[in-house]
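Peer 1: Each chain is listed here by its residues.
4 protein chains.
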Amino acid sequence: MRRVCIVVTARTSYTKFKPVLSALKRRGDTDVQVICAASAVLEKFGRVDLAIENDGFRVVERIHSLIDSELPLGMAKSTSMLLNDCAAAFARIQPDIVVVMADRFEILAPAIAASYQNIPLAHIQGGETTGNIDQKVRHAVTKLSDFHFPATERAATLLRQFAVRPENIFLTGCPSIDIALPVTRKKKLELDMFGQHFGVGPVMDISRGYLIVMQHPVTNQYSAARDQVQETLYAVAATGIPTFWFWPNADAGHESISKALRVFRENRHPENIYFIKNLPPEDFLELAYFSRGIIGNSSVAIRECSFLGVPAVNIGSRQNGRERGPNVTDVNVDRNEISQAILTNLNGRVGQSTLYGTGDAGEKIAEVLANIQLEMAG
Amino acid sequence: MRRVCIVVTARTSYTKFKPVLSALKRRGDTDVQVICAASAVLEKFGRVDLAIENDGFRVVERIHSLIDSELPLGMAKSTSMLLNDCAAAFARIQPDIVVVMADRFEILAPAIAASYQNIPLAHIQGGETTGNIDQKVRHAVTKLSDFHFPATERAATLLRQFAVRPENIFLTGCPSIDIALPVTRKKKLELDMFGQHFGVGPVMDISRGYLIVMQHPVTNQYSAARDQVQETLYAVAATGIPTFWFWPNADAGHESISKALRVFRENRHPENIYFIKNLPPEDFLELAYFSRGIIGNSSVAIRECSFLGVPAVNIGSRQNGRERGPNVTDVNVDRNEISQAILTNLNGRVGQSTLYGTGDAGEKIAEVLANIQLEMAG
Amino acid sequence: MRRVCIVVTARTSYTKFKPVLSALKRRGDTDVQVICAASAVLEKFGRVDLAIENDGFRVVERIHSLIDSELPLGMAKSTSMLLNDCAAAFARIQPDIVVVMADRFEILAPAIAASYQNIPLAHIQGGETTGNIDQKVRHAVTKLSDFHFPATERAATLLRQFAVRPENIFLTGCPSIDIALPVTRKKKLELDMFGQHFGVGPVMDISRGYLIVMQHPVTNQYSAARDQVQETLYAVAATGIPTFWFWPNADAGHESISKALRVFRENRHPENIYFIKNLPPEDFLELAYFSRGIIGNSSVAIRECSFLGVPAVNIGSRQNGRERGPNVTDVNVDRNEISQAILTNLNGRVGQSTLYGTGDAGEKIAEVLANIQLEMAG
Amino acid sequence: MRRVCIVVTARTSYTKFKPVLSALKRRGDTDVQVICAASAVLEKFGRVDLAIENDGFRVVERIHSLIDSELPLGMAKSTSMLLNDCAAAFARIQPDIVVVMADRFEILAPAIAASYQNIPLAHIQGGETTGNIDQKVRHAVTKLSDFHFPATERAATLLRQFAVRPENIFLTGCPSIDIALPVTRKKKLELDMFGQHFGVGPVMDISRGYLIVMQHPVTNQYSAARDQVQETLYAVAATGIPTFWFWPNADAGHESISKALRVFRENRHPENIYFIKNLPPEDFLELAYFSRGIIGNSSVAIRECSFLGVPAVNIGSRQNGRERGPNVTDVNVDRNEISQAILTNLNGRVGQSTLYGTGDAGEKIAEVLANIQLEMAG
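Residue numbers (this note's numbering), protein chains in the order written: chain F, 1 to 378; chain U, 1 to 378; chain L, 1 to 378; chain R, 1 to 378.
Looking at chain F on its own, in the form it has when it is part of the complex:
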């Protein structure tokens, strides 16, 4: 049976891999090997590997590869560590094809580990454009990959421009939309946000609406990460609107953000902010679907929320260049701009868009992974 190896390095990439994994499992005609690495094996990022096993998938390797560093040096060293261990893992488990997702810095490691060992490489979400190191990573992975699953027509066009063979490009939409699709069938928020102890902070009355914040460090400005998040903290606190604030991912600068959040809580005890480390993706999207809107610089706001019709205030440069639907309002890193945009634009659902897919990407990707002829693109 064809061995399909999925490399998961973060909670967000698992969210997008899950529909693919589910579709592969339903088909039953491949041997799926999940490798968890980087933040995906750490408790402080919610042990994504255990979540994957709970969802019924087989994790064949766990790689501890993150270097503890507050410098961008740590990103390079972590990628080195993952490259070494991932290469050895591939030599051991001998996948027929390796699949990587999107543009986190560390995915260059499995991409190199596979391509240098002549293992065909598939890339989901290539061809998109953004404004920082993510873009370099994404396009570099494209050039190492043999098969491509872009999410949008514009992305597919860019891949062709980049001399990718058209027959190896499959416009499937983004699998994250597959997760979002069932949420749109719900009538109201069914999650008990405070009863289930997802996080820490005051119990809030969310009956008249609530906001969501998800703000990550912008990696080529890591020293400013703390200042940036403070603008959002002050803006959100000032609105007084109940808010669920999600912990940042493991990019360079995340320590600064975490510290800023802790200090803010410590010193100001914001009455309208509840801090959450992690939610299952389905629950997160449900929470988003019934929110007044989402704030920060996460791609979720642009991608899944365009499909859900959840309005978004996108802060700063992190998502520059990324294709967006009508749900997004862009603002600078400035507390006044942010609060103004919240009050003006985040008042509940707007029109939905299928820019990023229609909810069947997992099936389509699984079909290709199971059946494509595995010649390398060369």
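Think of the hints as simulated: they come from the structure by calculation, not from any bench.
Among the hints, erroneous ones may be present.
No copy labels: a pair is met if it fits in one copy or bridges any two.
As the list claims (entries may be wrong) - Quick list of in silico lysine to aspartate or glutamate cross-link-like pairs, EDC-like style, CA-CA up to 20 Å:
(1) K186 to E367
(2) K44 to E70
(3) K44 to D227
(4) K259 to E43
Because the structure is a prediction, the values reported are computed rather than measured.
Following the hints, complete the assembly by docking chains U, L and R onto the known chain F.
Peer 2: Relative to chain F, chains U, L and R alone:
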């Protein structure tokens, strides 16, 4: 003073860096930091680092990064090792710009180490096309780089197609042509090939012409490396023409080739083959200039030899897709085809071509490195 | 000038290195190279490297080597990373002798890096006995070392028993006592513990005495680290005595302890505990000297506090086997035992002991490092 | 079933592990996991991993860890690489006990990987004394180990002196003697040394006796490795006695020795030396048993050959301090001393000695590994 860091990982890349280094030195307006790594620090590859110091340049770091492995796994692990050590070196020596050359697998390491640490990256010889992993590496490095020095117009065009900003593309020609230029002013071979003990083998009468062989492993077919080189060995031995055979580089498979060469010598004592580990680049090009022609799969045959007008028999797929001048005859990995092509086509100089440059690339590249405004491409 | 390389991997080892560094600086007859690594370069452990530079010493390398992992695997991988980078550093800076301290897991890395490169190795605090992995590390480092600076007569005897050449053993006392010596000349606590924002927590009235807690994970029981610290938390909270609680070091399990501390603060807002990340060593010892006593499992309680005459409640097995003076009361990991011992034994200073030295270890060690003939022990 | 993990890093350690592996297999009451690493996975060292599988044992991991370097730095970096990969392997395969052999530099890697992860560690051949880095490695591994299988009474005594708990010391003899035992039942050399193409060189008439040479680099004098081996080359060539010369192991300096051997062959075509890369251990010992004697600095000459009664000329300092039987004559690295000693002392078998065991070490060690209570020594 601007710190310009040059990363040298092999003898062949130093050949091309040398005109740039010389031009930077003549200018005197930058602080040049040479890092030697991979095969460039090993005795068995001729200690390129010492040659660089002998040439008057400053080597600031030596990185021992090659993993001893006969598997492609070794390429991935070596790249991991170099990524770790190179990233730490950059953090230590704080270059303002890093320069990498061409497409050897290990250069993804300095490319990642620089770009993840927000250090502007320049790439020489991007945009060319070939037929194997080199191409993936070259294009991936392009997507991580901020400044580009392509060698040919077609390469520059491909870079623009790859969404590189036109203002960051400098069509300088290939610096290897700078080395070739003075050779064309010589009237006859001045090297004493046997007196200076460059290698091992019989003293041959080369007054009626001689051949050169340089054949590297083709990395995605490494197990076949030994068979491939044997075709050439038998073909060359059969011609009876005096031949200087150069040892292969450090790619996966080089051990197999080295072994094949040793076994062939041991068992058959070829009377017309003299084996050489290394020559200074200027000497190599002089030797080529006065030869009947060159055989193998090295890019030298296509690049410098097109400028020199030295006819070449290019074997197999390694140079597939690379732009070539009229000096090149392509053959399959087959001893009969190879000997036929040698006899038919390798009879001394043919017309020269400026496809790969006019001999002033070093100056042009140095000018840009010294003066360009160092914003990252983003 | 002889190059003496000091490898600092943690705040606690710097405390002990400082008198040696000061003595070497006063002498001025050696070239001192400080390498900072592991937790000593991280902000979240207080950037020990910057403290060292502030103290007037030269840091020649910074190595980011800690792997972010909650498993003991992380200790092994961190040691691997440090071994690689430290070996490369030694090859670069060519020390004539390398000095390592005590028994933290990561010091096997510089010990191997030095001994495998034939660089003489000196070890401070060898020959002591304790009850866990520290002991294995300490004795293994002893067997890799050429010169030995034990702190106690019993330790020196054990080194001789371990076949260390007697002429390479220098009974100098522990340099940590050098730091403690000037503290004993103070008449009262001069530190303003709350004004200078050393930590977080309530401002407390410490005029009638206060306690100090320093509790590290016990590495071969890492999963129990959280439970263990909770026993102390409840015991200390129950006493109601004002307490300065110091954050744990970077051993496996420290994340669990940090989390336990954070959750406890969050949920119970203890009125009598002030949490501190870091104090300069002199300040810490001053704080200890005027305290009612110290609680936890740190070696400071046994070593410096025996000299200072500060009574200590030592919890659990971490210090098992270590030589101790009359100031120490041992208890099990049990909140009742702990609070009982606090109330009974921690009532201010008891008799002082010179078991661990007389305060001139730095001078003695510096003398040997500067003048010993550097033959390796073989 | 108890999982017993055997870490093999070289041909010579496999020789000694084999009787243990055979005994464990015969018992059938443990799950044996063989990890092959370092030179044991490389073709140029004879792919020991494949030999192990051919012998019917299960290799569960192959680790490519050797750094290609002519400097001692390479030993440290290779150990780092092995530490990382071995630690990850242990985390994956979860052995109940890990077993390491003797004193090659790289075994500190599995020793640290096991002890830092709280996996009981057993060490075969601890407590012996020699004159260089091997001794430091051996004793350091002793201090990291929980269970000990020394080969001689003197070694066991030293372990007790090193504070190893007597109940964890098992005086089993050396398992290499188990391999030697059946050889002593043979009446004459049954190997066809030239028909089976073990090596390269002239077919020699060995009916009137022959010599064996096995000379390794002395690692703390690596630059002298080439000079040292030349003394032996000239001495052996001068005797004119037919000689089987074995390639060196992978220690620092082996490249120099290999090169010296190649150059000597190339230039002088010695008529009485046949070069061999590798023989199965049983065959090697058979060859030794019927030889006039053995020359070099291998421990085989001292250990197995004492039991076999094969006289040995031991050259230089590499075996200094090692206990030896009456079969050994020590000489300096001097061609005259060496040839004199060959002619005087190597004239066929002398008295046998059971200093290193009686041939049942494998059984005894297997019994302990299968049944000992696995508490760590602490």
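Peer 1: Run every hint past the structure and note whether it holds.
Peer 2: Evaluated hints:
With identical chains, the CA atoms of K186 and E367 are never at most 20 Å apart, being 29 Å at best within one copy and 63 Å at best between copies. For the homomeric pair K44 and E70, the shortest alpha-carbon distances inside one copy (16 Å) and between copies (9 Å) are both at most 20 Å. Proximity of K44 and D227 under a CA criterion of 20 Å is satisfied inter-copy only: 18 Å between copies versus 23 Å inside one chain copy. Both within a single protomer and between protomers do K259 and E43 lie at most 20 Å apart by alpha-carbon distance, with minima of 18 Å and 11 Å respectively.
The structure is inconsistent with hint 1 alone, although it conforms to all the rest.
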